[in-house]
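S.K.: Here is how the chains run, residue by residue.
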Amino acid sequence: MSSTGDSLTRTPGRDKVLLVGDIRKAFLDAERVERYPCDVRTNLLEAIDAAARGGYDAVGVVMNGLLGQLRPVLRALRKATAAPIVLLAQMYDEPVARHLVQSAPSEERAADAYRVCPMTLASFGSGLATKSVPTAAWSQGDFIPAGIEKRMRHLERLATTDDLTGLNNRRYIREFARQIIERARQSAGRVTLLLFDIDNFKHYNDDYGHATGDEILKQAAILMRRCCRPHDVVGRIGGDEFAVVFWDDPHCAASETARDRRHAEAEHPSEPVFVARRFQSEFGHAELNLLGPEGRGTLTISGALARFPRDGTTVQELFERADAALREAKRSGKNRIYLVGEPKNNIADLP
Amino acid sequence: MVEGGPGRHRLVVVVAAAHDALAAATARLAAEYELDERRCDDVYAAVAEVARRQDRCILVVGRLEELAKEDRRFFAIAARHGARCCALLEAAAPIEPNVVPAALRMGVFLVGTTSEIKGVLDAWLTSAGCPASEAMVCLDDECRASEAELNALLGQEIDE
Numbered sequence: 086m087s088s089t090g091d092s093l094t095r096t097p098g099r100d101k102v103l104l105v106g107d108i109r110k111a112f113l114d115a116e117r118v119e120r121y122p123c124d125v126r127t128n129l130l131e132a133i134d135a136a137a138r139g140g141y142d143a144v145g146v147v148m149n150g151l152l153g154q155l156r157p158v159l160r161a162l163r164k165a166t167a168a169p170i171v172l173l174a175q176m177y178d179e180p181v182a183r184h185l186v187q188s189a190p191s192e193e194r195a196a197d198a199y200r201v202c203p204m205t206l207a208s209f210g211s212g213l214a215t216k217s218v219p220t221a222a223w224s225q226g227d228f229i230p231a232g233i234e235k236r237m238r239h240l241e242r243l244a245t246t247d248d249l250t251g252l253n254n255r256r257y258i259r260e261f262a263r264q265i266i267e268r269a270r271q272s273a274g275r276v277t278l279l280l281f282d283i284d285n286f287k288h289y290n291d292d293y294g295h296a297t298g299d300e301i302l303k304q305a306a307i308l309m310r311r312c313c314r315p316h317d318v319v320g321r322i323g324g325d326e327f328a329v330v331f332w333d334d335p336h337c338a339a340s341e342t343a344r345d346r347r348h349a350e351a352e353h354p355s356e357p358v359f360v361a362r363r364f365q366s367e368f369g370h371a372e373l374n375l376l377g378p379e380g381r382g383t384l385t386i387s388g389a390l391a392r393f394p395r396d397g398t399t400v401q402e403l404f405e406r407a408d409a410a411l412r413e414a415k416r417s418g419k420n421r422i423y424l425v426g427e428p429k430n431n432i433a434d435l436p
Numbered sequence: 078m079v080e081g082g083p084g085r086h087r088l089v090v091v092v093a094a095a096h097d098a099l100a101a102a103t104a105r106l107a108a109e110y111e112l113d114e115r116r117c118d119d120v121y122a123a124v125a126e127v128a129r130r131q132d133r134c135i136l137v138v139g140r141l142e143e144l145a146k147e148d149r150r151f152f153a154i155a156a157r158h159g160a161r162c163c164a165l166l167e168a169a170a171p172i173e174p175n176v177v178p179a180a181l182r183m184g185v186f187l188v189g190t191t192s193e194i195k196g197v198l199d200a201w202l203t204s205a206g207c208p209a210s211e212a213m214v215c216l217d218d219e220c221r222a223s224e225a226e227l228n229a230l231l232g233q234e235i236d237e
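Residue numbers (the numbering used here), protein chains in the order written: chain A, 86 to 436; chain B, 78 to 237.
It cannot be assumed that every hint is accurate.
As a list, the in silico SDA-like pairs of lysine to any residue whose alpha-carbon atoms are at most 20 Å apart [unchecked claim]:
#	chain 1	residue 1	chain 2	residue 2
1	A	110	B	147
2	B	146	A	287
3	A	287	A	164
4	A	164	B	158
5	A	164	B	131
6	B	146	A	418
7	B	146	A	153
8	A	164	B	116
Since the hints were made in silico from the structure, they are not lab data.
Keep in mind that this is a model prediction, so the values were computed, not measured.
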């Protein structure tokens, strides 16, 4: 999938984009790359050299597979070219991409923008139009006008976000879980799914009104987001039911010491258990003025943790196992979180 | 300031962390020879440095395992820009078997200790401009082996 760029149909020096890395991991139509005004470099050093030789309006970097090389490569690309750098991130890379784009003053940023993959080359090219990059030549492919592309991205956000809480919705969570499980399967990674819901939620709706019920859901979302690590993915998957996908972020793991990693492996899923416990505690003590003094401290949750690959090897299996354990937690008296495969093992009782 | 042929000032690029002994040794030598010197943290930064300074006659000094990353493409890129490489090959370095012959074929100077870099600098400085000269191995000041001799020592065939 490498191209020197010489055979591309384009006006030399205009509308050129340098794509770095394995573009098959970023674009649905990667095999059609020669239709577009871009050069592809799969070797990172060749990519930096090409960028330094100039002539590119933008550089797209496929994050998938770079791991420890990402930051040094971005630093070198920044040094090599003044062209804007756009990260091409998988869903699970999005928190890292966002951090790289938002951190530090603009002149020190590792990258200028990011796009979540997979997408089409035309979509990527027309997206660049919003950053003052001339993109007329991208119309050689499946041209999507910039206005429509912007609207599509807005609709995409609406389609994957829960409008009440601002969390990801069920569709996003399931697709994210599918992608991250697929990667974990290839790299022996770890994924843990937490499902939980609010005990007696109907009671709050009926007794305090739906506005109060909505407020409780929003508070739950805020608290869980606060309790999680930045890369964990939180979603509301229906009614008062929430899901969290805990996973090993290789960008964090790369900076861990060997001792940290050994500890993490021995204790897994120590982080999800810790987060779930903390959330349980904070939610129980949440100050919800709408509930009045008598309602304070009455909120509890029931939940379940399912681990890949131990408890299931597909998204469907993990959700089913976690759901069954969640129902068991409800039957057992509520206000508890079970580990799948270890019924009656409330995480509050773990050492 | 030492000239590097017609209109090309010489520049030494060292690829190592700031606190690394290799960086210190190279900086000391560059100062001694009154050469410009730049330090890069890694081979990725070194590519950017070499590519941006095509008007300079460049010698890149770094550990072989760092310079040989990404399928050893750095050696080809350096050669394309007329730069030479000096690679430090330490005894315990995690080097794949075919890396040394490949580096030698690309005209890389190989040294076993930082003290041997001085010999490489002398050889580089006496060359006119930056010719792609014979590969050279400086095991110490007294002992230099050709690629064939080195491969005989390593017991490896060169795969052409």
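S.K.: Confirm or reject each hint.
M.R.: Against the structure, the hints:
{"no.": "1", "hint": "A:110 x B:147", "result": "holds (19 Å)"}
{"no.": "2", "hint": "B:146 x A:287", "result": "violated (59 Å)"}
{"no.": "3", "hint": "A:287 x A:164", "result": "violated (58 Å)"}
{"no.": "4", "hint": "A:164 x B:158", "result": "holds (17 Å)"}
{"no.": "5", "hint": "A:164 x B:131", "result": "holds (15 Å)"}
{"no.": "6", "hint": "B:146 x A:418", "result": "violated (58 Å)"}
{"no.": "7", "hint": "B:146 x A:153", "result": "holds (13 Å)"}
{"no.": "8", "hint": "A:164 x B:116", "result": "holds (13 Å)"}
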